[in-house]
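Use the sequences and the hints to build the structure in full.
Number of protein chains: 2
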Amino acid sequence: MIRIAIDAMGGDYAPAEIVKGAVEATTIFPVNILLVGDEKELLRLLSKHKNIESISIVHASQIIRMDEAPASAVKLKKDSSINVAVKLVKSGRADAIISAGNTGALMAASLFGLGRVRGVDRPAIATVFPTTGKDVLLLDMGANVDCKPKNILQFAQMGSLYAEHVMHISNPKVGLLNIGEEPSKGNELTIESYNLLKSSRINFIGNVESKEIMAGKADVIVCDGFIGNLILKFGESIGQMVVRLLKRELSKNPITKFAAFLLLPAFKNLRKVIEYDEYGAAPLLGINGVCYKAHGRAKARAIKNAIRVTAEAVKERIVHCLSMVEEG
Amino acid sequence: MIRIAIDAMGGDYAPAEIVKGAVEATTIFPVNILLVGDEKELLRLLSKHKNIESISIVHASQIIRMDEAPASAVKLKKDSSINVAVKLVKSGRADAIISAGNTGALMAASLFGLGRVRGVDRPAIATVFPTTGKDVLLLDMGANVDCKPKNILQFAQMGSLYAEHVMHISNPKVGLLNIGEEPSKGNELTIESYNLLKSSRINFIGNVESKEIMAGKADVIVCDGFIGNLILKFGESIGQMVVRLLKRELSKNPITKFAAFLLLPAFKNLRKVIEYDEYGAAPLLGINGVCYKAHGRAKARAIKNAIRVTAEAVKERIVHCLSMVEEG
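Read top to bottom, the protein sequences are chains A and B. Each step along the first sequence adds one to the number in this note's numbering, with nothing skipped, and position 276 is 276. Each step along the second sequence adds one to the number in this note's numbering, with nothing skipped, and position 157 is 157.
Be a bit skeptical, because a hint or two may be false.
One copy or two, it doesn't matter: identical chains are merged, so the pair holds either way.
To be verified - BS3-like, lysine-lysine: derived pairs with alpha carbons at most 27 Å apart: (1) Lys-211 / Lys-299; (2) Lys-211 / Lys-268; (3) Lys-268 / Lys-299; (4) Lys-252 / Lys-134; (5) Lys-40 / Lys-75.
Hint data in this document are derived by calculation from the structure and do not stem from the laboratory. What you are looking at is a predicted structure, and each value in this text was computed from that prediction instead of being measured.
Structural data, given as structure tokens:
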């Protein structure tokens, strides 16, 4: 049975929603969950639930807050829930780690504790965008702010392998995020990266403009982490703004309220696509271990989905698959 | 009376919608319009309209297409509508130019023909985002893909002067687009730019994350043109996607169709904010002349708005105002 260590103290709704999501997941998927965090608090929360046979608790006395400087927090707070969870993977007691906490701390703790996959200079954070048609994997979403072309190439190789083995897309199409389609378009980084990608073995389809991200033209889209992070958070904010504006407009008078009531199912469908931050989790690709970052605002359902995706990655031996980057 | 030269042949809906927008504008604002393009075609289109006393035609035999390489097209097609329009400004026959055509060609023709404002190394394209609360000016939106910190500083100075004099915002708040609020966050460019901005005379409020763009925290937001272009086009595509998804959901059955009918005014209000590409035009700041880029998809209403904004910039002597960058 797959064993997943979850940082129960990380995220805006931790630990209650993390525990709830973990319990729900064990009732659906064949996984064992190790909840890492304050034992007393976690026992109290768990006592509210039934069907907790597949859940155990591992005590951690410290918490790394969302706004702490990652590297120093990971070094100073040896007994933080993130560090303890990483240690569970390192010692072989768990197959994977999930955290909805401080992204930088998760990356630093994983790097220090588990190291990198051979052939990968810099691990990357990959996020799935559920577009209208299908899922698209974007990376790097913020781990590497200044990249070299060879980093972009490795992101492409890792993304391609992940899309193939975990998302089950055969011969995934990989695109380079750029401001124009022609090979000559872009900045120094993208122009050089284009040439590297072109001569690699991956299924490189060329430049993809930002307006094409949601069109599903590529299965995997690569960019440096500075841009990825800007795009990710901008997209989230637009989705939230639209929902906020709709709510305001629809509550203006009795007629709009009535119409809004009739349209509830329609709005739910819309929300699924534009509020994509609620879904699943983002793998830290290139870490020598299966690490997933759940969204800071993840509630039980998002945690449950994160567990499903993480279990899938363990089953498909993603870390082993990524070792093919070296030969790429 | 303010005289504006319009590239009547540029844009997806040129020349018909350009002519229509120009005629509409002259009936509302005190401006003279010089329509630049194929004389025969423009005469034919104009003959369909009334109240055309304030409109004249200047013949140009060539057109630069949207997908042509800007610099070479501007050099080879001397008699293109963009080049001829720029010449009208250079010779003093017009006070400003507007084009909905090839952005790079407009920038190149303006640079070759009119030169730069003293103190500005690289002109930038600035776009107004109509957020929920107020307008926000973002630059550079694509003219400069690899920037130095001093370019970012100049963008900030130009944006601040434009916001003050044309958008009439007193002491405009200027933010630096970044992936975190702290001064230490970001890539090499933003970290160095932060320090330059901090020690400048502008009202610098620090880093602004992409999720804050639409929140109206800053009046002016600066970034390099590669990122600006990605953000701009991504935002547009999300807006369009939401509209498309809503349409699909709302036409599913008679109930949703009925509800959608009741909500038409609400959707129109929503559309105003999320389809911001339809509104106004983007100034090319730092060119020694008033140049505005209208959106490639601009129809009559967008052209009319572009004329209003351009006339305002002429009236406020924006080029003269920008000469203050030198002392900044």
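Evaluation of the provided hints:
| no. | hint | in the structure |
| --- | --- | --- |
| 1 | Lys-211 / Lys-299 | between (30 Å within a copy, 20 Å between copies) |
| 2 | Lys-211 / Lys-268 | both (24 Å within a copy, 22 Å between copies) |
| 3 | Lys-268 / Lys-299 | within (17 Å within a copy, 33 Å between copies) |
| 4 | Lys-252 / Lys-134 | between (35 Å within a copy, 21 Å between copies) |
| 5 | Lys-40 / Lys-75 | within (25 Å within a copy, 75 Å between copies) |
When the structure is compared with the earlier hints, no violation turns up for any of them.
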